[in-house]
Amino acid sequence: MSVTVERPRPLWRASERPAWEEPPTKAGLGAKGLIIALCCLVVLGPLWVVIVTSLSPRHVIDSAGGLVLWPEGITFVNYKELLSGGQVSRAMLVSLGVTGFGTLFSMVVSVLAAYGLSRPGSFAHRALLMALMTTMFFSAGLIPTYLLVQTLGLTDSYLSLILPSAVSVFNVLVLRGFFMNISQELTDSARIDGAGDFRILWTIIMPLSRAVIAVISLFYAVAYWSAWFNAMIYIDDPAKLPLQNVLMQLVQKNTALPTGLSQRVNAGELSALGLQMAMMVLALIPVAVASPFVQRHFKKGMLTGAVKG
Amino acid sequence: MALQAQRPPRTAEKAVRRRERRRSGTARPDARKGGITWRIRLRRDRTLILMTLPAIGLLLLFNYLPLLGNVVAFQDYNPYVSTNGITAILHSPMVGLEQFQRMVEDADFWNALQNTLVLFLIQLLLFFPVPIALALLINSVVRPRVRALSQAILYLPHFFSWVLVVTVFQQMFGGAGLIAQILQDHGVDGFDLMTDAGIFKYLLTAQMIWKDAGWAVIVFLAALASVSPELYEAAAMDGASRWRRMWHVTLPALRPVIALLLVLRVGDALTVGFEQILLQRKAVGAGASEVLDTYVWSTGIQNGDFSYAAAVGLVKGVVGICLVLAANKFAHLLGEQGVYKK
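Chains as they are written, first to last, in our numbering: chain Y, 31 to 339; chain B, 251 to 592.
What the hints contain is simulated information worked out from the structure, not anything from laboratory work.
This one's a predicted model, so the numbers in the text were calculated from it and none came from an experiment.
Hints may contain errors.
[Said to hold, decoys possible] Capping the alpha-carbon separation at 35 Å, the derived lysine-lysine pairs in DSBU-like fashion look like this:
1) Lys-532(B) <-> Lys-110(Y)
2) Lys-110(Y) <-> Lys-270(Y)
3) Lys-532(B) <-> Lys-270(Y)
In isolation and in its complexed conformation, chain Y is listed as follows (with noise of 0.2 Å):
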């Protein structure tokens, strides 16, 4: 529905300041740019290091005494090593599907209940509304909410990991706000034309919130594929584990391994640093290639949720 306008491009970099504005000093220029690539290189060279290393066969690990800063000769072994069968390769499984069928549950209970309260003056709205926002205030604690799981059964079962945090009141706000803000004059002649709400919902709104429906999944998705909270109290069986909580092991003892490879680095085949990188770079990859891809619509989305919250 917006409308991009054309503008023409400047014929200098210089016209984007406005015409009031003193130009800005050399000095300055350069300390802001320094400051800025030194940010950047505070995020980016730690995940350098860490990629590079996974990458890297052992002998050069070997060499460079541990982490290695520049690649010197590339093998994809210890990827290989890590997802022909075994823990990880199995945890691996369980993250992606607890991400792909969380995500799928999350959004299609908040995008139904985004819409069912997005029109003020309806049934219960109000008492709904409040229902939903009052729970952003407090927190029945761990120990209750441990009971009741265990309660219901949920121990080391899958559900465990998406029922609990399967709702998130902030998203649904995010995307009730974004449903307000679509005009009605269309929701109107859909009605008028007899459309119910489940297809109001999803021949006009849906098609229109791509954007929110976009940033809102990614939200959800990267809450499920970084939890290990809910995994570590609620999950015994170690073959139901997902991928954080395996790597959370090697983190806590720096030194243990994925079941099954430990002889292979005793032989000297494989590296233990190579291996533990290849897995935080497997626990890393989903985020990082998809955030991108949904980035620009970050601050859309956070500007209505910001407003309508």
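For chain Y, the structure is supplied; the task is to place chain B on it using the hints.
Chain B alone, transformed into the frame defined by chain Y:
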């Protein structure tokens, strides 16, 4: 009913009214004050309510129902009676305020509380200004491509899990990490920031800044984008320098956002880095790292002292709500909006 009368009539409502008029046969039944009855509104909006129910149901089950479970804080809960919590609660003796009395006399609790408050203050002082400074910096960048790229890079760590962030820090600053490795090559041994209890709280704050400071910039950038350029222009015409414009135009524009975020942060003061600390608790020991949330976890889930842990959690929750209300009140006193309106 009074509320209904004030509402502007809507197309859907009109349709219902028209149908109702046809059915009842009267000329204008809605001519009387109050408009349509709740029964008709319920019929009209039943699909909307139906759509809201799954979310409300989940919240009732996982957010409201556990509130009742706090009754174990007044019991001597015995988890071995049954794995069914309701049976176990019914079979556990009520002990009144005994758990709370234990808490007051428990040095570990006070230690956790102290760590929580100190950590909150450190984070408030060191973390809070970083996104504001970053936002001002990014906002002053003119070239759109540099702007977009630096934003994309700075947002990235927000999407990493705490497990990943802690692992990255361990690989950089740990005993076997990159810096220790470089120092060792130059003959300096024993560098390890990750197990140093003395600087642990600053380490946590550094991790937090690395992960979330870039992301927090978004809110401030949005606020900065909404400042009308005419204000800057007028100030510049009146001879205000760059810094004076920042002081007199930019900062006042950021004030409501800063107030809102401060209120939210103070309201959440007792919640400091639970997952993050849990991951590193072993490395530095409970004395330096235990906060209220991890204390609830370790006494309750780890040691099985459910009633005592629930009591600690309940106190934390009640104090938390009071803090939200107090912080909001304070924001109102300062003339800001806060989380909810007056």
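Under the criterion that the straight-line Cα-Cα distance not exceed 35 Å, is the pair Lys-532(B), Lys-110(Y) satisfied? Holds, at about 32 Å.
Proposed proximity, Lys-270(Y) with Lys-110(Y) (alpha carbon, max 35 Å): holds (21 Å)
Quickly compare the C-alpha distance for Lys-532(B) and Lys-270(Y) to 35 Å and report which way the hint goes. holds (24 Å)
When each numbered hint is compared with the structure, no violation occurs for any of them.
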